[in-house]
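Peer 1: Residues per chain are reported as follows:
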Amino acid sequence: MPTITVDGEQYQVDEDQNLLSACLAQGINLPYFCWHPAMGSVGACRQCAVIEYKDAGDQRGRLVMSCMTPVKDGGIYSVNAENAQEFRGGIIEDLMTNHPHDCPVCEEGGECHLQDMTEMSGHTNRRYRGTKRTHHNQYLGPFINHEMNRCIACYRCTRFYRDYAGGDDLQPLGRNNQVYFGRQQDGILENGFSGNLVEVCPTGVFTDKTFSEHFVRKWDLQTAPSICEHCAVGCNTAPGAREAGNGQDVILRRVVNLYNRDINGYFLCDRGRFGYDYVNSDARIKSVLAARSEQMIGSTAEAGDKVHVEIPPETAVRQLAQQLDAVQKGQRRLLGIGSPRTSLENNFALRSLVTPENFYSGLNGREQELLQLIDSIQRDDRVHSPSTPEIEHADAVLILGEDIDNTAPRIALAVRQAARNRQKTHAQSLNIPLWQDASVRQLRGEHSPIIFAGTELTGLADIASATLFDTPEKVALFADAVSQLIRGADPASLSLTTAERELAVRTADILAAAERPLIISGCASRYGDIIRGAGSIAAALADKSAAPGHLYLACPEANSLGLVQLQEPGHGSLEQLASRLQSNADDKTPISLLIVENDLYRRADHETLETIFSRADEVILLDSLLNDTARRADLIYPAAATAESQGTFINSNGLAQRYYAVYEGLGYIQESWRWLADAARFCTQKSTALAAVASWQHSTDLSDALAGEFSQFAPLATLGPDEDYRIDGLKVARQSHRSSGRTAVRAKARVAEFPPHQDPDAPMTFSMEGIHNAGLTPLQANIWSPGWNSNQSILKFQQGIGGARKGANGGIQLQRQAQRIPAWTIPSHEATTAATSDNQLRMLPLYRLFGSDELSANAAAIASVIDKPFVRLNKEDAAELGLQEGDWLELEVDSARYRLEATLSATQPAGTVGVPCGIPQLASLMPELPGPAALKRVESQATSASGETL
Amino acid sequence: MSSIFEPEIIEVMEHSKSGQGKPTASLSTTEKEEIDREFSHYEDKGSVGLEALRIVQKHRGWVSDESLHAVSAYLDIPVAQLESVATYFQLIFRQPVGKEVIFLCKSASCWIMGCNRLQEKIQNKLQIKPGETTEDGIFTLLETPCLGDCDKAPVMMVGEEMHRNLTEADIDEILDNKANINRAEGCRHNHAEGSRHADKSAD
Numbered sequence: 001m002p003t004i005t006v007d008g009e010q011y012q013v014d015e016d017q018n019l020l021s022a023c024l025a026q027g028i029n030l031p032y033f034c035w036h037p038a039m040g041s042v043g044a045c046r047q048c049a050v051i052e053y054k055d056a057g058d059q060r061g062r063l064v065m066s067c068m069t070p071v072k073d074g075g076i077y078s079v080n081a082e083n084a085q086e087f088r089g090g091i092i093e094d095l096m097t098n099h100p101h102d103c104p105v106c107e108e109g110g111e112c113h114l115q116d117m118t119e120m121s122g123h124t125n126r127r128y129r130g131t132k133r134t135h136h137n138q139y140l141g142p143f144i145n146h147e148m149n150r151c152i153a154c155y156r157c158t159r160f161y162r163d164y165a166g167g168d169d170l171q172p173l174g175r176n177n178q179v180y181f182g183r184q185q186d187g188i189l190e191n192g193f194s195g196n197l198v199e200v201c202p203t204g205v206f207t208d209k210t211f212s213e214h215f216v217r218k219w220d221l222q223t224a225p226s227i228c229e230h231c232a233v234g235c236n237t238a239p240g241a242r243e244a245g246n247g248q249d250v251i252l253r254r255v256v257n258l259y260n261r262d263i264n265g266y267f268l269c270d271r272g273r274f275g276y277d278y279v280n281s282d283a284r285i286k287s288v289l290a291a292r293s294e295q296m297i298g299s300t301a302e303a304g305d306k307v308h309v310e311i312p313p314e315t316a317v318r319q320l321a322q323q324l325d326a327v328q329k330g331q332r333r334l335l336g337i338g339s340p341r342t343s344l345e346n347n348f349a350l351r352s353l354v355t356p357e358n359f360y361s362g363l364n365g366r367e368q369e370l371l372q373l374i375d376s377i378q379r380d381d382r383v384h385s386p387s388t389p390e391i392e393h394a395d396a397v398l399i400l401g402e403d404i405d406n407t408a409p410r411i412a413l414a415v416r417q418a419a420r421n422r423q424k425t426h427a428q429s430l431n432i433p434l435w436q437d438a439s440v441r442q443l444r445g446e447h448s449p450i451i452f453a454g455t456e457l458t459g460l461a462d463i464a465s466a467t468l469f470d471t472p473e474k475v476a477l478f479a480d481a482v483s484q485l486i487r488g489a490d491p492a493s494l495s496l497t498t499a500e501r502e503l504a505v506r507t508a509d510i511l512a513a514a515e516r517p518l519i520i521s522g523c524a525s526r527y528g529d530i531i532r533g534a535g536s537i538a539a540a541l542a543d544k545s546a547a548p549g550h551l552y553l554a555c556p557e558a559n560s561l562g563l564v565q566l567q568e569p570g571h572g573s574l575e576q577l578a579s580r581l582q583s584n585a586d587d588k589t590p591i592s593l594l595i596v597e598n599d600l601y602r603r604a605d606h607e608t609l610e611t612i613f614s615r616a617d618e619v620i621l622l623d624s625l626l627n628d629t630a631r632r633a634d635l636i637y638p639a640a641a642t643a644e645s646q647g648t649f650i651n652s653n654g655l656a657q658r659y660y661a662v663y664e665g666l667g668y669i670q671e672s673w674r675w676l677a678d679a680a681r682f683c684t685q686k687s688t689a690l691a692a693v694a695s696w697q698h699s700t701d702l703s704d705a706l707a708g709e710f711s712q713f714a715p716l717a718t719l720g721p722d723e724d725y726r727i728d729g730l731k732v733a734r735q736s737h738r739s740s741g742r743t744a745v746r747a748k749a750r751v752a753e754f755p756p757h758q759d760p761d762a763p764m765t766f767s768m769e770g771i772h773n774a775g776l777t778p779l780q781a782n783i784w785s786p787g788w789n790s791n792q793s794i795l796k797f798q799q800g801i802g803g804a805r806k807g808a809n810g811g812i813q814l815q816r817q818a819q820r821i822p823a824w825t826i827p828s829h830e831a832t833t834a835a836t837s838d839n840q841l842r843m844l845p846l847y848r849l850f851g852s853d854e855l856s857a858n859a860a861a862i863a864s865v866i867d868k869p870f871v872r873l874n875k876e877d878a879a880e881l882g883l884q885e886g887d888w889l890e891l892e893v894d895s896a897r898y899r900l901e902a903t904l905s906a907t908q909p910a911g912t913v914g915v916p917c918g919i920p921q922l923a924s925l926m927p928e929l930p931g932p933a934a935l936k937r938v939e940s941q942a943t944s945a946s947g948e949t950l
Numbered sequence: 001m002s003s004i005f006e007p008e009i010i011e012v013m014e015h016s017k018s019g020q021g022k023p024t025a026s027l028s029t030t031e032k033e034e035i036d037r038e039f040s041h042y043e044d045k046g047s048v049g050l051e052a053l054r055i056v057q058k059h060r061g062w063v064s065d066e067s068l069h070a071v072s073a074y075l076d077i078p079v080a081q082l083e084s085v086a087t088y089f090q091l092i093f094r095q096p097v098g099k100e101v102i103f104l105c106k107s108a109s110c111w112i113m114g115c116n117r118l119q120e121k122i123q124n125k126l127q128i129k130p131g132e133t134t135e136d137g138i139f140t141l142l143e144t145p146c147l148g149d150c151d152k153a154p155v156m157m158v159g160e161e162m163h164r165n166l167t168e169a170d171i172d173e174i175l176d177n178k179a180n181i182n183r184a185e186g187c188r189h190n191h192a193e194g195s196r197h198a199d200k201s202a203d
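In the order they appear, the protein sequences are chains C and L.
Per the UniProt record's numbering, residue 1 is the first one in the first sequence, and the count goes up by one each step.
Per the UniProt record's numbering, residue 1 is the first one in the second sequence, and the count goes up by one each step.
Hint data in this document are derived by calculation from the structure and do not stem from the laboratory.
The reader is advised that the hints may include incorrect statements.
[Said to hold, decoys possible] Away from chain L, derived, C-beta distances all over 12 Å, residues of chain C: (1) Gly182; (2) Arg183; (3) Thr207; (4) Arg292; (5) Arg444; (6) Ala707; (7) Ala906.
[What the hints assert, rightly or not] Here are the simulated DSS-like cross-link-like pairs (lysine-lysine), alpha carbons at most 27 Å apart as the crow flies: (8) L:Lys129 x L:Lys152; (9) C:Lys209 x C:Lys806; (10) L:Lys152 x L:Lys121; (11) C:Lys132 x L:Lys129; (12) C:Lys424 x L:Lys106; (13) L:Lys152 x L:Lys125; (14) C:Lys132 x L:Lys152.
[What the hints assert, rightly or not] To list a few chain C residues with every Cβ distance to chain L over 12 Å, as calculated: (15) Asp7; (16) Glu15; (17) Arg62; (18) Gln171; (19) Pro172; (20) Tyr180; (21) Asn246; (22) Glu357; (23) Ser493; (24) Glu607; (25) Glu664; (26) Leu841; (27) Asp894.
All figures in this text were calculated on a predicted structure; none of them were measured in a lab.
Virtual Cβ for every residue (Gly too), placed ideally from N, Cα, C.
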């Protein structure tokens, strides 16, 4: 470890880093702009200048840019030397000659790195009185505002967007004093990570447009650590909420990244950043609704749909309690349907209430089987689920059947970094430090191998070194071939085409030769053999190298993997529920069906659902948004969204992470488990299970109960600070110490100061009372440090630059029983979903960052960019059928018809059509994917569609 | 002579998702051949972008949005990347220029030798400021940092001709001469609309 001297103090610092990050890691406040911990140095801004002395005798020294200076053992530097300070002050003053004096109306104000650095450099008086250069701003889509006059030309935006995230539509334009960062022309930023520009830009050029709709200053937001609920990666977020200030209620206003080294690091995808707005959508359920018993005249509701009226919550809870009482007396049966998008606690509460044998996962059989397959593979000790940094270090990647850009976006961003490892190795061999970003990126040569086999590859297409676009069956056979080859099989024995065999041999060679090979797969293809194949490859690699094979298996939803832990393998799917109801059709005992946060129309086919709904006398739904299932419900309870509740999600890696409520949901909104516990309390007689449900007071009571009942959940007991945790006898404050307007914010409605909401779940307050700087606990979500108001202050919370968060556990791994995977033969006896007759094609699911996720599709900004329903055909198939791009087609699936616009693709596997999975207009098609469909060309729609054809 | 401007009509584009309404002006066979020839000297297509823009400008007088998209499509370079190159180099014109482009040197030697006086003379005579084109479409005035002929300052270039040791009388002579030649050739062209590049700020 080199020792350096900075301003007379000696420090031990890490090798292989630059002086700037060494100083920052030691807590020295040294201003900078263009350096970024994840993106290295380019020396563009000159703000981090320090003095470097030749030796102890050197009194004069020379100015160096610390971000471009490698630390040298015995090096002597000065940050505080007068000429260094003067130089840095000069740089700031120069930058400020063009920067507008608009901080009061700038949305970056209060969390602006430029403000912080200006203060830090002591530039408090502007001498320049001339005109400033001005720019026109561009329209960049519904997510990002553009205000180029504020730009200080640090190049961070394009270095992130283009170099780090692979976007090609944002570039530096012009030169000299006229440098402009924008698109060639106005238009939506195409890259799915564009939202990070908001955090990467050190000033207010790129700001969050969805936040603008309901903007408040950072110091007025209340925050708590949360987990993104829009996919299964489990990124950590810091949502911010505040009341409107005109007597109106608190709303969720934005989401920003919350650093977790092992998952999201510094960056989030746009679905995760902008999807939060669903909680404020018009479809939000805020009060208890009951179906009207009398017929409505002139109602537009369809057959079977119910029309609801608001009822008082106590009446509703008593109704549920009466039903529970009837169940106790054997006069009624109670069935529960859980959900992969809500917490373990909510699912567990339902399971406890209805008893385990009456608890159904809410997944269809196929989904559940895939998840249990993933679970079983991850239990094999030869398989390791890699963290994001481990993915970034992989030197060869094989992706099987998973378009991760759209199903696990943050993982795709990590794979993009992995593609640079060959370049980085080259740089190291030339003694170029890896933080010398521009120099490293100059090096030419091929990417590290990224091989893809599947239906569709979107964002990573530019770095894929080989691709195989085929049906899931073929991809599974390919995967199986690769695993056999790694185990030494003779290539000639494989039943593959020559091209496929050649690719399989090459892939096997690359993976076997790689030091850190990585396999990625998941549920997206909805085909078990692909996952089995991926598992076999990882096991084969492990057997060969005697180290665990790295295998990332992407699950579809935030708590998919947690949900299946509650189920016996092969039990509890919706189909099983339907067949049980069918076989008990003679039993006339009334049935109450309790559904927790699940839209069954996205899960099961029409027939299964009709069987379930027609047999249930009472359908009770607890959910946050009105959906198709809500139309069939007799009673609807408003459930808290993620940011309004506390709970635990298990991510694709099997990592348990706790999220805390950011604010109290409006009106009668509360966590689903609280509604259940409330009803249990109203019961006249209580079984042991019911008494347990009725006794729960805190969210952590449920986590503890889970830990007691399931051995794999044992770590939940130690997961996070529990409700009774205190620092110096105090809870942690969600509001900052600067939070303003406490006595005035509701003055329009009432002058009385309201007491803050009590939080029974977390050791946190919904007010400014309490500990503000809980930096050494996982509870800190307001990333702030004196002098560092911007998100750059995260470096004050890390163990070394880019290290783990101080005090945070970063999630705890489930304790699953180790169990080896069998040697599968592929194809296994999986039911084929191939087309059955000549005029049928096979539908394969395509995923979209915006639209495929149920909740985020209800966020206004995201809803505005969701693709129109389309069907994607292979070009040759289309030619054979006489179809052209833009033709209107009718897709007939299981008696339902969908009218869709045709798009053509060279890579869509022949004989199949791609259909977007889960986008709002096609949500009911989800359970049918993959599966057969008849395709028919329809005329017209043409009048309205002519304007849309290209 | 025929107009050096492209015949296409420039359409005004609405805010739209990219991909929609992209202008399509294809490259001529000659342009493609020249670009291909140039490409044979480079490792990848990204590197030949600048030369391709020069070739297109040579044939069309300037690089319109349509031309930019055509080059981008031909070389498979993202259009924003090509725009980045085009706007970096002063000699790639993203707005229509006159038949004769005047590059007036504004470097130190020329400044000492009175280039500001010459500039005033040109501006008065042609009634244009730097970056503007005369109404008859003949002259465009641009300032340039250094033409590398400091010992013969003040200097300027008109098109590819260098004029040295300039006096105000020289300016009259050179510009009148050029104007006469161009008028004789019957240069008639309409002013095409300016570039839609977002940054129209003045230097």
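Peer 1: Next step is simple, just say for each hint if it's right about the structure.
Peer 2: Against the structure, the hints come out as follows:
The beta carbon of Gly182 of chain C is not kept farther than 12 Å from every beta carbon of chain L, the shortest such distance being approximately 6 Å. With a least beta-carbon separation of about 6 Å from chain L, Arg183 of chain C fails to lie farther than 12 Å from that chain, contradicting its non-interface assignment. For Thr207 of chain C, the condition that its CB be more than 12 Å from all CB atoms of chain L holds, with the nearest at approximately 17 Å. With a minimum CB-CB distance of about 43 Å to chain L, Arg292 of chain C clears the 12 Å threshold, and the non-interface call stands.
Not every C-beta of chain L lies more than 12 Å from that of Arg444 of chain C, the closest at about 7 Å, which undercuts listing it as non-interface. Residue placement check: Ala707 of chain C keeps its beta carbon more than 12 Å from all beta carbons of chain L (closest about 49 Å). Residue-level check passed: Ala906 of chain C sits 15 Å from the nearest beta carbon of chain L, beyond 12 Å. Among the hinted pairs, Lys129 of chain L with Lys152 of chain L is consistent with the structure: their alpha-carbon atoms are about 24 Å apart, no more than 27 Å.
Among the hinted pairs, Lys209 of chain C with Lys806 of chain C is inconsistent with the structure: their alpha-carbon atoms are about 32 Å apart, more than 27 Å. Taking the CA atoms of Lys152 of chain L and Lys121 of chain L, the gap is near 19 Å; set against the 27 Å cutoff, the hint holds. The hinted pair formed by Lys132 of chain C and Lys129 of chain L meets the criterion: a straight-line CA distance of about 20 Å does not exceed 27 Å. With a CA separation close to 44 Å, the supplied pair Lys424 of chain C and Lys106 of chain L exceeds the 27 Å bound.
Restraint check for Lys152 of chain L and Lys125 of chain L: satisfied, since their Cα atoms lie roughly 23 Å apart, inside the 27 Å limit. A hinted pair counts as satisfied when its Cα atoms are at most 27 Å apart, and Lys132 of chain C with Lys152 of chain L does not qualify at roughly 35 Å. Against chain L, the non-interface label of Asp7 of chain C holds: every CB pair exceeds 12 Å, the least being about 40 Å. Residue placement check: Glu15 of chain C keeps its beta carbon more than 12 Å from all beta carbons of chain L (closest about 35 Å).
Arg62 of chain C, annotated as away from the interface, keeps every beta carbon of chain L farther than 12 Å; the closest lies near 28 Å. Annotated as non-interface, Gln171 of chain C brings its C-beta within 12 Å of a C-beta of chain L; the closest such distance is 4 Å. Taking the minimum C-beta to C-beta distance to chain L, about 6 Å, the non-interface status of Pro172 of chain C is violated against the 12 Å cut. Annotated as non-interface, Tyr180 of chain C brings its C-beta within 12 Å of a C-beta of chain L; the closest such distance is 4 Å.
Under the 12 Å C-beta cut-off, the non-interface status given to Asn246 of chain C relative to chain L holds; the minimum distance is some 32 Å. With a least beta-carbon separation of about 51 Å from chain L, Glu357 of chain C lies farther than 12 Å from that chain, consistent with its non-interface assignment. Look at Ser493 of chain C: its CB is around 40 Å from the nearest CB on chain L, clear of 12 Å, so calling it non-interface holds up. Every C-beta of chain L lies more than 12 Å from that of Glu607 of chain C, the closest at about 38 Å, which supports listing it as non-interface.
With a least beta-carbon separation of about 38 Å from chain L, Glu664 of chain C lies farther than 12 Å from that chain, consistent with its non-interface assignment. Every CB of chain L is more than 12 Å from the CB of Leu841 of chain C (nearest about 26 Å), matching its label as outside the interface. Distance check for Asp894 of chain C against chain L: the nearest CB is about 33 Å away, which clears 12 Å, and the non-interface claim stands.
In terms of the numbered hints stated before, the structure departs from hints 1, 2, 5, 9, 12, 14, 18, 19, 20, listed from lowest to highest.
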